[in-house]
Amino acid sequence: MTIAVSILPEQQLATLNAAYSQAVARRRWRLLFGAVVFAAALLLAAVGAEVNLRTLFTHFGNFVSYFDRILTLDSGQRVWTDVGEWLWGWRKWLKMLGETLLISYVGTLTGAVFAFGLNFFAAENTSPSPWLRFVVRRLLEFARTVPGIVFALIFVIAFGLGPMAGVLAIAIHSTGALGKLFSEIVENADMKPVEGIRSTGASWLSCMRFAIVPQVTAGYASYALLRFEINVREASVMGFVGAGGIGQELVVAIRKFYYSDVSAILLAIIVTVFIIDIGTGWLRGRLFGKEART
Amino acid sequence: MTRPQEVDTAQIRARYPDVFDRPASARLAMPAMIVAALAILVYGLVDLDFSPSRFFAGLSQLGWISVMMIPPDPGSSLPVYLKALGETLSIALLGTTLAAVFALPVSLLAARNIVPNILRFPVRRFLDSIRGVDTLIWALVWINVVGLGPFAGVLAIAVSDFGAFGKLFSEAIEGADQKQVEGIRASGGSALHEIRFGLMPQVLPVIAGQVLYFIESNTRSATIIGIVGAGGIGLQLAEQIRVLEWQKVSFLILMILVAVAAIDFISGKLRFAIIGRRAVA
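Quick note, the sequences are listed as chains V and L, same order.
One rule links them: number in my numbering = place in the first sequence (from 1) + 96.
One rule links them: number in my numbering = place in the second sequence (from 1) + 1300.
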């Protein structure tokens, strides 16, 4: 089989090539400049973060062997050969997992209720006055930018050790995050029903209740479920600072080198997160159909 | 003035049976769900040791703390805090870059249009389980390996983002247009050529956008991994909270807020410069 490729005369080709390489050269220079700047930033960051490749290489074996160790029982066997021994504390761990779920549930619900109360003031189209909107927005921004675990650290001191601090931290963080999302839904709502209700002489409150709320509840519930999913992960580490949940057990196991316990608790957390992800995904699909999934 | 027409309820009822005679199950579903939700809430409050007295005692305590936070004041340790902030930014940048570099090849293995399902499935589950473990937990693990300090933080962010990037990148690759790949194949390119010249030009801008977005959100994560001892400003924050130096605490929180806002602004600009005014998925 012969292959026919048309080849232009040398002269014509040369001018075309020159034009092409000129066009490409500028882009290449810009890319190179970007790459150099990025590399310099990385180098600076490496110095700042005390990166020491020698430490990494000498200890990298540790990382691999760490997983080897957490998958080994005290008797020297692999964990899955003796599941009863591996999951010896399952009653306690299940209880702590339940506590974690409760923390995220109560936190999410409280956060959602507060976000519901505040979001009408934060939305462009329903806020009664601009300064109120400004204040509420800044408040929500603050609640969502400060990490939940920082709130937890402070609340542990104010409210004492225990799940209460975790719940409040998650509630505040969720208020901030959900308040923003909720107010965005409200901003996208149709304003004609509001006008209809206002024309009957209704107050602001009834306008919200009868015109806006029926339009937005499905979106609210969908976001709240999504938040619950995120909060389960968040609640699993609240115990690191003493704010309740399974994190407490995990941090003790890691710090005291109870290797097989670490893997057991990690497994429990991963499985729980999976189940919650799948469960809320299913619930969202059931409740709101496919289009409401975000 | 005309009076509104007399409403014949019976007639309306007969005309719209769907509205008036909804089955009991449909009418009761909503209240039942609300009651169930409230029941779990109450159970949770009891189980988690909530009591009004504790709550209000805590609130007044919190009020005191807020009063003591004003005015924010770094004392004499401003240079230390600035260094810690730099450390945090370094952790975010390095960790995200490292994660992206390692995630790119792996994401190819998780994309439906590159590899068969048999290989894809385990890779996906592997990435899922990495993502299921929180950054803070990874930080604790890495502290065991490389010791306390920001380096452990870099590695923690790198590992947990590796899972997230693997998923996001592979989705970007799956969403890429196959026609360009077919074009390369038609001109006799090998599988690697297909990826390099057919796929990469399409997915790189998307990936760059996502990486920038993650650098932004990792600035937040990097502030908290210090709490378990992995360097950065979180370490200072946790220490000052533990010794109840509230003015320093409020100063540190303000610093974090300002830094996050600045990074948001910069990376927003960069993102638009790279991928144009398009939403980042």
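Derived by calculation from the structure, the hints in this document are not laboratory data.
Small disclaimer: the values here were computed from a predicted structure and weren't measured.
Some hints here could point you the wrong way.
Using C-beta positions, here's what the derived DEER-type ranges look like [said to hold, decoys possible]:
no., chain 1, residue 1, chain 2, residue 2, range
1, L, G1488, V, V179, 48 to 58 angstroms
2, V, V120, L, L1448, 45 to 55 angstroms
3, L, V1543, V, V120, 53 to 63 angstroms
4, L, V1346, V, M287, 19 to 29 angstroms
5, L, R1420, V, D373, 38 to 48 angstroms
Simulated coverage check for chain L against chain V, where a stretch passes if three residues somewhere in it have a Cβ under 8 angstroms from a Cβ of chain V [stated by the list, open to error]:
no., stretch
6, 1374 to 1382
7, 1393 to 1399
8, 1403 to 1416
9, 1427 to 1433
10, 1446 to 1452
11, 1462 to 1473
Even glycine gets a Cβ: it sits at the ideal position worked out from N, Cα and C.
Hint check:
1. L:G1488 to V:V179: 48 to 58 angstroms: 54 angstroms, holds
2. V:V120 to L:L1448: 45 to 55 angstroms: Since V:V120 and L:L1448 have Cβ atoms about 48 angstroms apart, the given range 45 to 55 angstroms holds.
3. L:V1543 to V:V120: 53 to 63 angstroms: 59 angstroms, holds
4. L:V1346 to V:M287: 19 to 29 angstroms: Violated - the Cβ-Cβ distance for L:V1346 and V:M287, about 43 angstroms, lies outside 19 to 29 angstroms.
5. L:R1420 to V:D373: 38 to 48 angstroms: 19 angstroms, violated
6. 1374 to 1382: Violated: only 0 residues of the stretch 1374 to 1382 of chain L have a Cβ under 8 angstroms from chain V.
7. 1393 to 1399: holds (count 3)
8. 1403 to 1416: violated (count 0)
9. 1427 to 1433: holds (count 4)
10. 1446 to 1452: Three-residue rule met by the stretch 1446 to 1452 of chain L, so holds; n is 5.
11. 1462 to 1473: violated (count 0)
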